[in-house]
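Please work from the sequences and hints to get the whole structure.
Sequences listed follow chains A and B, in order. Each residue of the first sequence is one higher than the last, beginning at 1 in the numbering used here. Each residue of the second sequence is one higher than the last, beginning at 1 in the numbering used here.
Just to be clear, a hint being listed does not mean it is correct.
Here are a few chain B residues that face chain A, going by a calculated C-beta distance under 7 Å [unchecked claim]: (1) Met122; (2) Ile225; (3) Ile226.
It is worth saying that the hints were derived from the structure and are not from the lab. Remember, it's a predicted structure, so these values are computed and weren't measured experimentally. Where is the CB? At the ideal position from N, CA and C, for every residue including glycine.
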Amino acid sequence: MRRVLIRDPLFWLGLLLFASLMTLSVGNTLFRDGQVDQVTNLYSADGTLLATSPLEPSSEHWLGTDRAGNDLFQLLIEGAKWTIGVCFTVAFVRIALALLIGVPLAFRGKRLYTGLRLLLDGFLIIPISLLALFILLPALLLTDPALIPSMSSRALLEVSVLTLLGLPALLLYLISETRQLLAQEFMLVARTLGGSPFYQFRTHIWPHLLPTLTIVFMQQFVQTLMVLIHISLFGVFFGGSLLLFGDGVAPTIFEWASQFGYYFLQFTALSWINHMFLVPAIALALLVFFANLLTSRLERAYRLRRQQLIHAPMQELAEAEAAATQLSDPFEPVRISTKS
Amino acid sequence: MQSFVIRKTIQLIMALLVLLGVSALPGLIVQMRPDFSNYFKTVEQQLKLLTTWDTLTYYNATAAENRLLFPDLEPFVQETLLIFSSALICSAVAALLYAFLFYQAGPKIRSLLTQVTRTLEMVPDLFWVIFSQFIVIILFKTTGFNRIEIAGGADDHVRFLPILTLSLTTVFFFIKWLTGRIQEEQGASYLELARAKGIQSPRLFWQHLLPNLFYRFYLFFRTNIITILSSLVVIEYTFNVQGMFRFILINQDFSILLVLLLLIYVPFFIFDTVVELCIPRSWKGGIS
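Dropping the structure here:
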């Protein structure tokens, strides 16, 4: 799988995109203190007012500015680390937890698995975004600016809620995957030879599980991103929503999904499709697209690798069979070519 | 049969308890911290609600009064059901036709089809929503054609676009699975035998391949229903469909959440049971 991926330009393109976005975003925080330029009014040289924000995209402001005058390009750069970081963390922690809980359970009997399936069955059809909305809205709707809890506690709460809500489905999947591997012949041999469960896992199951896990990781990444986008459409932004005077909510950080939800809530009342709304929408769509692209490249590499693995012995077998049928004297020793 | 009934009853009771626990989850977090005593209090409240479900009320903002939930919720449920089922039927039919085309096609067309669907399936559902609204507005601006609703109202049903966008998100989902299985099954010995007996390839597809995939397809559908429902939530919200997901987004209440969860789960449970009973064993891969 690794060999296929190294030679895959599309995979590298996707990876490069994510890496450069993260570097730019973290760089912006480190070297510019996370600053995003604000332009409220635009004047010409002699002082006459040219325009007020939101400004259309121009050579000065590549993607234009929003109503508060934030430069959208810088805003996207600054927010990228939140969007990618949150999805990455949630996906990673989910998989780590599912491994920690699921693998020991997979080594137990079938009854436990059926029981668990039965128990979690109800959990598997509820839209996560709906539940996340219900749990997070009361906690993250910040009505009183004086009583805002710290950013880290808000982020921790949201990340843990998102992680736990997606955990049951992943857990069941991982258990069934591990159980399938355990039913293989080589595992029977490993057990018979007396390998301890930990040894069995490390030497036999982990190498088989790892390629699947990378694919699952990307899937979880996209799923988390979609949940983030969905709940911010409903007005729950990552890290909390400030209740504005009158009606409406505003995000506290420049995270992409939150910005998208923020502009979406504004756009329904005002003029329709404008750059303010399109920029985060297209950015998010591209992010999802590239994450999906990475997933599909990983899947492809996995498939090709498996085809190679299955094909090689099949061919040898076919050669041996062909050689056996061509024998004039069946008891004469034959040399069967075994290419490896 | 008896063990089947017992198993299903246990499953139903367990699921109801879990859903009860899930619907009380919003009570778990108080002041940004998990608070278990408050959680159990909420669970207790929800339990009490179950016993008095026919007198449940919600606050109707238009009428500015509390009204009984049950007769009022009905049209919303109907609307959601209509959109969900017609989108499912549309996408299932489209996916089947595509699969047939894929099965008949030569290697060149196959790789072309795969490339196209692989690219299209990466598009997130929300993008379809915005894109379709955009197209309809452009259409209206250029030709004056205004028969397609892009957003619903209280008495205004918006159906075409929600069904279209939901179908678009699910169809690629189905297609991906179907083409994968077709490629897998193609070399299977029962198909080889049928082909050797001279059965034409359309009949091979509809009579031999599809029945074998049907039950697995149902299982696949069941495990991924969560994604489809998530899309439906967003679609109802963005198109302003007067459906039950939009209803709950407007009336955010624990009791309504519980009702909604039951309304989703119980039909699926019944459907599951019926499928398990009715589908012939040979379709499930057993020997009849």
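Outcome of the hint check:
no.	hint	result
1	Met122	holds, 4 Å
2	Ile225	holds, 5 Å
3	Ile226	holds, 6 Å
Of the numbered hints given earlier, the model fails none.
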